[in-house]
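Chain by chain, the residues:
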Amino acid sequence: MSQGGIWIAILVAAAVSLAVRALPLTLIRRKIRNRFIRSFLFYVPYVTLAVMTFPAMVDAAVHPAAGIAALFAGTAAAWSGAGLFPVAIISCVVEYLTGLL
Amino acid sequence: MRRDRNETRRLVLRGLRDGFPIGLGYFAVAFSLGITARGAGVSPLQGWIASILNHASAGEYALYSLIAANAAYWEIAAVIFVTNMRYLLMSASLSQKMPRQAGFLRRLTTGFFITDEIFGLGIAWPGTLSSLYLGAAFVLADAMWATGTLCGILAGNVLPAEVVTALSVAIYGMFLAIIIPPARKNRTVAGLVLAAFAFSFAASRLLPGLSEGMRTVILTVTLSATAACLFPVSDGDEDGTEGGMKA
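Taken in sequence, the protein lines are chains R and C. If you count the first sequence from 1, position 19 lands on 19 in this note's numbering, and the numbers rise without skipping. Count along the second sequence from 1, add 1000, and you get the number used in this note's numbering.
Treat each hint with caution, since some may be false.
[Claimed, not checked] In silico lysine-lysine, BS3-like type, Cα no more than 27 Å apart, as pairs:
#1 C/1097 - R/31
#2 C/1185 - C/1097
#3 R/31 - C/1185
[Said to hold, decoys possible] Just some of the chain C residues that point at chain R, by a computed CB distance under 7 Å:
#4 1045
#5 1046
#6 1053
#7 1067
#8 1092
#9 1095
#10 1111
#11 1112
#12 1123
#13 1170
#14 1175
#15 1179
#16 1230
#17 1232
#18 1233
No lab work stands behind these hints, which were simulated from the structure alone. Ideal Cβ positions, reconstructed from N, Cα and C, are used throughout, including at glycine.
Take these sequences, add in the hints, and give me the full structure.
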């Protein structure tokens, strides 16, 4: 693709991403009262993040065992109340160390 | 609505504090993305701008692959829409946490902030969302994301492969930190997380042709809708779980 073409591609992608991200936020202006929709939106984040975590976390590791070890270590750390950063670091270190085995 | 300077400072600092670990993970992922971009003939400046504006790993990976394949613009638009479709759901979910009086511009910018991880911070925030907090976290994380892409394009492969791999796991560790504490408090959420793991794994192995973005959208809609039918929440449940979250 030409340099100009790449710039247009980047702008097209940016416009579509912004629309996807901002449309519901700008259009849905009030508290949703419908119990089903409220429950649905309440569960959405957990399902989305869970789907994205597994098996992607295992596949991202050097070998599956290292990924599973990191998954368990991260889950245990989060279960015992560790925050975002500690859990991330623990997962990385466990993946790195078990990856060396 | 006015807030005093101390309050502003507190929100911004807290946003930067929570945005930094996200940015570290981003840097590593974006670095490897930069290597892909370099292969597609994307210049450092183009990669930097593309990352600031798009800030989505799957979406940008698709973008660079399509640029390399010399794809049509409508095709790029369609693929970016599908790979980023989960943000529609996240945006709808966040709309319920916006103060009612929030105007168009504030809603637009808050929407622009959405990434998987920034969204995670947003839902973990107790009560009405602070756009200032979320914005501070986003600006730092996005800057590190764009810098990572830039470095990846400029430097190519200088970090040892094992380090890049280990860093790429950081993102998933953050996801765990967001979903596990509420799962511990709420049995439905716990069951849902396990079901999501199981279905996601099954789909990835049985339907390899299904893209990760589409898999996320389809499973999110079906599993959340099923849970909403079987276990509808009352106000108390929502507040209890969200208030108990830590990020």
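For each hint, the structure was consulted:
1. Straight-line distance between C-alpha atoms of residue 1097 of chain C and residue 31 of chain R comes to about 9 Å, which keeps the hinted pair within the 27 Å bound.
2. A C-alpha spacing of about 21 Å is found between residue 1185 of chain C and residue 1097 of chain C, which places the hinted pair at or below 27 Å, so the restraint holds.
3. Taking the CA atoms of residue 31 of chain R and residue 1185 of chain C, the gap is near 25 Å; set against the 27 Å cutoff, the hint holds.
4. For residue 1045 of chain C, the suggested interface contact is broken, since its CB lies about 10 Å from the closest CB of chain R, more than 7 Å.
5. Residue-level restraint check for residue 1046 of chain C holds (minimum Cβ-Cβ distance to chain R is 6 Å; threshold 7 Å).
6. The beta carbon of residue 1053 of chain C comes within 4 Å of a beta carbon in chain R, closer than 7 Å, and the hint placing it at the interface holds.
7. Using the Cβ-Cβ criterion of 7 Å, the hint placing residue 1067 of chain C at the interface with chain R is satisfied: the shortest such distance is roughly 5 Å.
8. Here the hint on residue 1092 of chain C is kept, as its CB sits about 4 Å from the closest CB of chain R, short of 7 Å.
9. For residue 1095 of chain C, the suggested interface contact is upheld, since its CB lies about 4 Å from the closest CB of chain R, less than 7 Å.
10. A distance limit of 7 Å between C-beta atoms decides the matter here; for residue 1111 of chain C the minimum to chain R is near 3 Å, and the interface restraint holds.
11. Interface restraint check: residue 1112 of chain C against chain R, minimum CB-CB distance 6 Å, threshold 7 Å, status holds.
12. Contact between residue 1123 of chain C and chain R, as hinted, is supported at the beta carbon level, the nearest pair being about 5 Å apart and thus within 7 Å.
13. This hint holds: residue 1170 of chain C has a C-beta 4 Å from the nearest C-beta of chain R, less than the 7 Å allowed.
14. Restraint check, residue 1175 of chain C versus chain R: the minimum CB separation of about 4 Å is within 7 Å; hint holds.
15. Checking residue 1179 of chain C against chain R by beta carbon gives a least distance of about 5 Å; that is within 7 Å, so the hint holds.
16. For residue 1230 of chain C, the shortest C-beta to C-beta distance to chain R is roughly 9 Å, which exceeds 7 Å, and the interface hint is violated.
17. Proximity of residue 1232 of chain C to chain R holds as hinted, the smallest CB-CB distance being about 4 Å (cut-off 7 Å).
18. At a threshold of 7 Å, the smallest CB-CB gap from residue 1233 of chain C to chain R is about 5 Å, leaving the interface hint in force.
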